[in-house]
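There are 4 protein chains.
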Amino acid sequence: MEKTKVGVLGATGAVGQRFIQLLEGHPYFDVTELAASERSAGKPYREAVEGRWKLSADIPEYAREMVVKGCKADLDCELVFGALDSSVAGPIETAFAEAGYFVVSNSKNHRFDEDVPLMSAEVNPEHLKLLERQKTRGKIVTNSNCTIMGVTITLKPLLDKFGLEGVMLFSMQAISGAGYPGVPSMDIQGNVIPFIGGEEEKCEIEPLKVLGKLGEKGIENAPFKISSHCNRVPVYDGHTVCVSVKLKEKASVEEFKKAMAEFKGEPQKLKLPSAPERPIIVREEPDRPQPRLDLMEGKGMATTVGRVREDPLMDFKYVTLSHNTIRGAAGAAVLNAELMKARGLI
Amino acid sequence: MEKTKVGVLGATGAVGQRFIQLLEGHPYFDVTELAASERSAGKPYREAVEGRWKLSADIPEYAREMVVKGCKADLDCELVFGALDSSVAGPIETAFAEAGYFVVSNSKNHRFDEDVPLMSAEVNPEHLKLLERQKTRGKIVTNSNCTIMGVTITLKPLLDKFGLEGVMLFSMQAISGAGYPGVPSMDIQGNVIPFIGGEEEKCEIEPLKVLGKLGEKGIENAPFKISSHCNRVPVYDGHTVCVSVKLKEKASVEEFKKAMAEFKGEPQKLKLPSAPERPIIVREEPDRPQPRLDLMEGKGMATTVGRVREDPLMDFKYVTLSHNTIRGAAGAAVLNAELMKARGLI
Amino acid sequence: MEKTKVGVLGATGAVGQRFIQLLEGHPYFDVTELAASERSAGKPYREAVEGRWKLSADIPEYAREMVVKGCKADLDCELVFGALDSSVAGPIETAFAEAGYFVVSNSKNHRFDEDVPLMSAEVNPEHLKLLERQKTRGKIVTNSNCTIMGVTITLKPLLDKFGLEGVMLFSMQAISGAGYPGVPSMDIQGNVIPFIGGEEEKCEIEPLKVLGKLGEKGIENAPFKISSHCNRVPVYDGHTVCVSVKLKEKASVEEFKKAMAEFKGEPQKLKLPSAPERPIIVREEPDRPQPRLDLMEGKGMATTVGRVREDPLMDFKYVTLSHNTIRGAAGAAVLNAELMKARGLI
Amino acid sequence: MEKTKVGVLGATGAVGQRFIQLLEGHPYFDVTELAASERSAGKPYREAVEGRWKLSADIPEYAREMVVKGCKADLDCELVFGALDSSVAGPIETAFAEAGYFVVSNSKNHRFDEDVPLMSAEVNPEHLKLLERQKTRGKIVTNSNCTIMGVTITLKPLLDKFGLEGVMLFSMQAISGAGYPGVPSMDIQGNVIPFIGGEEEKCEIEPLKVLGKLGEKGIENAPFKISSHCNRVPVYDGHTVCVSVKLKEKASVEEFKKAMAEFKGEPQKLKLPSAPERPIIVREEPDRPQPRLDLMEGKGMATTVGRVREDPLMDFKYVTLSHNTIRGAAGAAVLNAELMKARGLI
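Protein chains in written order, with numbering that gives the first Met the number 0: chain A, 0 to 345; chain B, 0 to 345; chain C, 0 to 345; chain D, 0 to 345.
Wrong hints could be hidden among the right ones.
A few chain C residues that face chain B, going by a derived Cβ cut-off under 7 Å, partial list only [stated by the list, open to error]:
#, residue
1, 25
2, 58
3, 189
4, 295
Quick caveat, the hints were computed from the structure, so don't treat them as lab data. Since we're looking at a predicted model, the values are computed, not measured. Cβ coordinates follow ideal geometry from the N, Cα and C atoms, glycine included.
Assemble the whole structure, with the sequences as input and the hints as a guide.
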């Protein structure tokens with residue numbers, strides 16, 4: 000298989016850095032372009048991120064001396080990964096699509112465009128058919144918000160096996176979710192902030208599109224309701240979400256756990272490079288998952304579930320954890336692109 | 000009013016320390032006895048808590064040289080505040096009650112004894128009538144678990160005005176709630192632990208007794224269901240709880256907020272020394288309450304509520320914060336004792 | 000004594016907020032003006048600091064509705080406290096001094112002006128004589144950097160009793176020292192940053208002026224050398240500094256501790272409102288001082304010293320802690336102003 | 000090369016867990032025995048560490064079902080790695096040595112035995128000759144305290160090139176250095192503890208033996224003095240140490256940095272499996288090293304140095320960081336054993 004040339008839009012930000020890390024030595028993709036704001040354009044990447052590279056491993060060798068470009072649609076590549084801030088991502092991504100590039104984006108701007116799939120590779124690979132309806136030469140694919148990415152994967156087998164009537168979410172989100180410089184330390188040191196702007200709205204609508212059915216007129220949202228409480232906690236990486244669900248059909252705790260533990264999606268069947276062996280790892284210890292211990296399961300691409308038990312008000316409750324900048328952002332986009340490549344779309 | 004002589008059982012622990020701090024110069028009570036385990040007995044208090052005094056202000060002068068006694072029911076006082084570990088509190092408190100002492104306890108052991116009130120002074124002062132049914136010479140009064148103390152106060156006006164059908168609780172609890180040495184730093188540093196042993200069970204049943212009606216045969220639990228998710232977060236003091244409620248009757252957001260903001264209980268009417276002016280402070284900022292900013296409202300005795308809004312699945316959702324070792328423990332017990340004193344029970 | 004009308008320049012920042020808190024109900028001063036950048040000018044104070052008020056107690060009532068003005072020298076007051084960012088403080092303070100105001104500043108800009116005293120009220124009250132040499136109608140008084148404020152107070156009795164040859168400082172500084180938004184949480188969460196821009200330079204020169212002698216030509220720096228290592232740690236408030244000192248004369252550990260414990264300055268003799276009873280509190284426990292436990296000694300105005308012991312390389316070593324935004328900033332400035340008032344300078 | 004059978008004493012503790020992780024698939028060693036206290040003996044390893052496994056990756060497969068034994072000298076192996084608590088390590092290690100086992104220990108008990116080398120493989124490989132003087136059938140090798148391990152490596156090239164007259168150390172140590180459960184979260188959350196029992200004594204003497212010369216009568220300590228200030232900070236892994244040094248000979252900053260950056264020891268020459276390519280990495284950024292960013296350099300076996308600059312009191316100052324449970328404990332012991340194996344001692 001010939002490698003596809005790819006670029007990263009917003010390469011200097013927190014999610015952009017993850018793309019650069021995850022794409023190092025990738026078997027399908029070859030990073031030929033890094034693009035960012037005009038402030039960074041023209042600088043070698045190492046200089047553009049000086050004092051802003053926040054991953055514990057150093058900048059991959061391949062990227063250090065690459066010269067960062069501006070976000071114009073004249074890059075030498077076929078596909079761009081989108082890690083731009085939502086304040087600018089919309090029109091830039093559109094311009095790239097119009098110019099013929101595949102845009103695999105982590106930004107929220109096009110998530111609800113009628114013909115744009117809001118993809119989670121294990122959950123709704125069939126939504127890629129929407130690409131045929133996009134009028135532009137290039138095509139846009141988005142992935143969902145970091146918080147609900149892992150949650151939605153756990154909801155998929157529940158919806159399929161038992162049906163869902165309602166879902167209550169309560170998140171405890173890591174500081175890296177706000178990017179850099181993001182949350183001031185004076186706000187979160189030894190503290191909890193019970194609010195993240197716009198987050199609850201996303202959590203209550205995005206899973207419905209991801210879990211929706213591809214119909215004549217686009218995606219028909221999954222027919223259940225979600226309520227969410229989103230909180231910021233002093234954790235570096237890893238969003239923990241407590242979930243209570245009301246099912247359509249009865250299930251035992253064992254059936255409930257089994258549905259999640261045995262779930263596999265197309266990325267697993269295709270053995271895509273970034274696909275974790277098991278998308279959902281169900282643990283039995285009473286006090287798991289925990290960010291410290293479970294975050295890097297499946298190289299940060301698995302979702303860990305624990306504390307599955309009955310819920311006195313709804314039917315079941317459990318806790319999920321997934322890595323917000325890998326599974327919840329850059330890793331999810333890379334997996335989407337791998338799926339497109341494996342299907343011959345690119 | 001003559002001061003009542005009081006003692007503190009479990010005076011060296013985290014809650015015991017709060018009792019000693021809150022009772023300094025108290026207008027109703029005079030601390031004449033400090034009692035703890037045999038290990039501490041015979042030592043001056045300052046020596047007994049050496050390396051274990053964890054409050055930011057120093058040990059109050061009055062207590063420094065008091066000699067700690069063992070927990071035998073021969074103390075020179077009329078009332079004892081109970082801050083013992085639940086592994087030993089039960090029989091000790093019973094012994095004190097049998098010997099004629101009032102026992103105002105923060106320990107969980109007697110909370111569900113049929114004739115023992117589970118008190119929250121603003122919520123169920125009428126439950127004090129249960130004391131008449133206690134057969135012992137002395138009487139036992141308990142207060143509820145630290146997590147649901149503040150929550151229950153917010154539920155009281157909702158139950159009275161609109162009725163409650165269901166309550167969903169998600170807690171983010173401070174490390175001081177586990178006492179000292181409590182949670183190892185390696186477990187909670189930059190981490191979240193989605194489990195606290197026994198806590199969810201307490202959260203799902205205690206509010207129902209506190210909010211229950213005094214009937215012929217004791218307390219009839221309030222007739223609604225609670226589901227809870229309890230989490231430990233790296234916050235020193237202050238339990239934050241996200242709450243979703245289903246009401247019996249319709250209400251507007253404004254009515255909902257007003258019910259809480261205007262709520263006053265008997266401690267406010269009697270102007271008891273530890274009573275906050277307003278038991279519930281409703282804030283309008285989008286990102287409050289926060290432990291860092293709101294914890295000490297009403298000297299740690301007020302509950303702060305924020306983010307009141309509609310809930311797509313239930314009816315309303317909001318966030319509460321209260322101080323777990325003041326409002327949720329020692330302060331609540333002191334307020335209960337003040338109420339008993341004001342009513343002439345002691 | 001008639002109260003002096005005062006204003007606060009930079010009233011919306013972290014240090015400005017402390018001024019507003021510390022000046023509430025002050026017996027000498029009456030806050031008649033709040034000033035800040037043009038962005039805030041014209042707004043009620045509560046609105047100007049919305050989302051930026053970071054003290055755990057709420058905004059004092061007196062300040063909530065005061066209308067913030069710009070930093071022009073036409074304020075209705077006699078003295079201004081300076082809490083401006085150093086990027087703008089210099090010319091603004093000069094303008095106020097020229098217009099006849101007393102300027103009692105926490106900013107660094109004028110600290111090394113020849114005729115401007117770099118004051119620590121307990122250490123060098125005689126430096127106030129420098130004011131006579133200032134040519135402007137009004138006068139400027141500065142206080143030192145937050146990190147070395149407490150350290151310098153501990154060095155004063157050592158210098159006086161034993162003489163100093165060299166001082167080695169290692170700081171562990173709180174995040175509030177960087178103001179708001181200041182240090183990004185992604186930088187300091189569970190981390191140490193061994194660098195604070197410009198801090199080591201200040202730590203190595205400012206104490207020498209504070210401890211210097213008033214001579215014909217101004218202040219003659221104290222004749223010893225300082226080396227400093229400055230670090231940022233994930234602590235909210237309170238700078239901890241490890242100190243090793245080389246003395247000119249021999250001393251025993253007991254003499255060394257006694258010199259610090261017995262030290263009192265003019266603020267103590269004059270019983271100034273903000274003066275702690277003892278400027279230096281020497282503790283004997285092996286593991287003190289600690290920010291959590293000792294920060295608020297003397298209402299945040301005392302410096303706590305612990306672990307005094309011999310040093311194998313120099314002569315003695317010890318640990319100091321003081322509150323960086325109270326003793327190290329706003330509180331120090333208020334104390335300086337109190338001293339000026341008590342001396343009849345204002 | 001045939002693999003040597005090894006055991007781990009104290010396999011369930013924090014350092015024991017690191018040994019098990021680092022020895023997974025090791026090219027020289029085959030873990031055939033895990034030993035711990037009687038409480039754990041007889042249980043499968045996964046059960047013995049239930050709730051106590053604190054590494055972010057899961058328990059290695061090879062160890063999960065191994066049955067833990069007691070610490071008696073009848074294990075099926077040739078060498079034991081020592082990770083026992085110092086309260087019990089001394090006689091157990093002696094018993095193993097007498098029974099003919101090689102003991103490569105991280106415990107402090109035998110560090111100052113006359114004939115026992117206190118090893119740092121890059122620094123003093125020639126000290127292994129001391130083994131010939133040990134009278135027991137088996138031999139004991141120790142490594143130094145976690146805090147000074149990395150520091151001592153940086154001192155080695157300085158001592159060799161320029162000579163050392165004095166060293167001042169100031170540590171900011173991670174919580175994992177105290178083992179599990181170790182430091183209570185109530186003590187260290189958002190706090191600094193300027194004391195670690197026994198640590199300063201170790202820091203002031205151990206480097207002198209490690210850097211000492213092998214003489215007729217054993218090791219002659221290196222002839223310079225060290226003073227240390229040891230602090231605990233809320234960091235999970237990684238000890239940061241600020242260092243000031245006084246040299247015997249003059250050096251420029253460039254020479255000073257070059258001496259460290261170019262340093263290589265015997266493990267590098269022999270390309271031992273755990274040897275980092277460069278023992279010391281000198282960084283030029285103003286704000287490095289930082290635990291978050293630099294801890295895992297060389298798979299946790301490299302020491303990162305930054306901020307090299309002149310010191311106004313001594314000669315130079317710099318900051319070092321190394322991983323306290325890898326380079327500072329288990330990894331150092333494994334490297335020592337690799338060196339012994341490569342030299343044919345085992």
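Q.
Let me make sure I understand: some of the numbered hints might not hold for this structure. Which ones are they, in numerical order?
A. 1 and 2
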